[in-house]
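The sequence shown begins at 419 in our numbering and counts up one residue at a time.
Source of the hints: derived by calculation from the structure; they are not laboratory data.
All values reported here derive from a predicted model rather than from experimental measurement.
With beta-carbon atoms standing in for the labels, derived distance ranges: (1) GLN743 to PHE550: 34 to 44 angstroms; (2) TYR1047 to TYR667: 49 to 59 angstroms; (3) MET1097 to ILE656: 50 to 60 angstroms; (4) LYS924 to ASN648: 31 to 41 angstroms; (5) ASN1032 to SER737: 52 to 62 angstroms; (6) ALA723 to LYS483: 39 to 49 angstroms; (7) ASN1174 to LYS678: 41 to 51 angstroms; (8) ASP1120 to ASN1032: 37 to 47 angstroms; (9) GLN1147 to GLY1035: 30 to 40 angstroms; (10) ARG856 to TYR634: 54 to 64 angstroms; (11) LYS924 to GLN743: 34 to 44 angstroms; (12) ASP1120 to LYS678: 50 to 60 angstroms.
Below are the BS3-like pairs computed for lysine-lysine, each with C-alpha atoms no more than 30 angstroms apart in a straight line: (13) LYS513 to LYS559; (14) LYS546 to LYS566; (15) LYS538 to LYS467; (16) LYS766 to LYS733; (17) LYS675 to LYS864; (18) LYS753 to LYS871.
Just so it is clear, CB atoms sit at the ideal spot from N, CA and C, and this is done for glycine as well.
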Amino acid sequence: MFKYINLLILLVFITGCANRRLVKQYYYSHDYYKAYDYLLPYAKRGFPKEAYKVAKLIYEGKVRKPPFIERKYAKIAYQNNILKSSIFIADSYYKEKNYKLALDWYNRSNFNDYKLADFKNYIDCITKLDSFSMQKKYLDKLNKYAKKNKNPKLLTMLGKFYIKDSIFKNVKLGLYYLNEAYKQHFYKAGVFLGIYYIKNGEGKKGYKILRDVLYYDRWAAYYVGNYLYNEMIKQEKIMNYNCISSQFYSPKEFFYKKLKMYKFNDLFSRENIIKAYRISYNLGLKKALYKIIRLDIEDNTFENAKKTYSKMNLKEVVSFLKAQQDVESKLILAKIYENYLYLNSYKKAKEIYKWYENINKVEAIWHLYQYEKRFENKINFEYLSFLVQEKFVPAIIEKAYQEIIKGKNIKKNKKILEYYIKQNNILALNYMGSLYSREIFVPKSKSIDFYYKACSLEKKPFYIPSEDLKIANYYNDYLKNQNKYLTINYYYAQMNNRQAELSIAKFYKNNCNYNKLKIWLNKLYSQNDLNGKEFYYIMLLKRYIENDNKINDAIDYLNRQNTILSNMTLGDIYANGLYVEINPQKAEEYYKKALNLGYQPALYKIIFMYQNLNVNGIFDKKIKSLYNYAIENNYTDAKYYYAKYLYSQGEKNKALQVLKTAKMTSKVRYLLYLITGKMDYINGKESNYGYLLYAKAMYLKDKNPKKALYYAFRAMLCNTPNTAKLSYQIMEKINNSSIIRMIYKKAKEAPKCYIN
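Produce the complete structure using the sequences and hints provided.
And the structure:
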């Protein structure tokens, strides 16, 4: 009999040993579900140690099971004097949001058995109590224990609790607890401490702490990356103080200033930023990899570097992001679709923003507004009105700017822009610069002040060209410094910036250098860039370049685009018979499409087309009807063009009647001078209008030849008709080459004139 009992005991012992060995083996190989499946039958039969292990697997998150299962087996262990299993029971109630029972079971446990998460949950349960006096009682108990026993886990969670925003906030006490825990080399306390300092303006202090713990904690590494990135931006701003990089005398100087900024941060910052984010990602924080991908997009490493920061090419990044399910991955994907148009996926960005509406309506609507503005040439005032109601600042600025362009509430909207300019808002500065550049506000020269201010505030001055390219346009349009204009654009073009490449192509088109125009157009076309391809086909149809094999492709492509430019181009080719037969009806159809996209000059294109075809007055009624529509809807220069048409038809009195109510612009003054012959209209106020400059030159050619030649040269520089002949006549009167050259130089330095 004793032999059988001894044999049974031996078998149980051997089974127990095998049990422990197998479970350990599963743990080492991370096969937690196998360990769970192996232990479960024993736990079901009431073996307390196995029941404890089953509950622990669920508690630690190694096996996903409902909280009641965790509680069931934890209670078996607890009833068999494994008292620390009470923490598992408390945890199960906490997961079910039964905070009262969770607190009761936490109170049965020993604080020394608590993990960091248990202290967090325990404090959370206290804050859920209805009675403030009970909350205070529990917190006093915790504070007393923490100060006496110096438990680093409790000190850390209490410290975190007291520094966050709540009715119990006590920053001084919170920082004391975190520092006490950190002194014990408890790195989690260092993480919370460092992040707090970085978030609250003590970056260097926070960085010093986080740097020591970044290899242990993903959030520490993440915030180190954030800190280093912000420091890099600060350094670039200091090096580009007052936008100094765009103030240069030679191309070499501009390139030197820009590359110095890049190289400095390449050596001292950029590599460490990527390293910190990489550590964070390797420790399990996907958000850190998203930061690296955003840096790839920001610095355009997909096109400008042999290796990307993320170690993935563009195709691999897109595939990776598509496989993720979180919000941030989708928003980054939308940004890629919008930035890299050769992927032919930009319409998918709109789908993402529509989806995002259910998560963050304000941000989603702002994204949709910008998308429609860029890709559909649409200014959606409904979107802007909604965002203004939500007090979304970029939309308030955008609405003010767009209304000024339309001539609505100009004084009120200008005050809005000025208010945000005082707050150093980059968008407001840009828009005010644009309004001066477009001469909606004068003088035009003031635009550069706003661009320089925006440039000095701009993030990442090494790569982001938004301000630099506006400054380049100022150099070209106002100062007529083509060298500086090309220097800035060539710098960004070498980094595959499509906007700069397109600007260079347009520059060569405007300056009649068709060989270079073709080179840049071919580059844009080969990159399959949306805007570049469109411009290529427009230049092809307008006969700036030749390629008969692509004429049909060009017409088909522009038909599909439905942009202002594409519709205006198609209207022009049917109005003028370029590669197609003249078809006024079809031309009008395309011009109206451009008009529906908000482009007012398209209406004038229709009117001027019918004016050219108005043989024997067959289109008189249509032309007058269209002009009246333009006047009723406050189209720019509508009264001027109508009066000019009436005067050309011999209806002088009607023309003068229309001009009486017109705004006194340079064009109106010149037309009144033509109709009445009165010199008052061309004297006095200065103007950059070519015809008015020509009229002044005509008036002064005998009275003051030198001044007359100045006006004649200025008019000639914007190709005002008949100015070459007039200039020769005046030069013959002056008959002094050095004086003539001096006057020409002065005219070239003057603001650029216009005739349209």
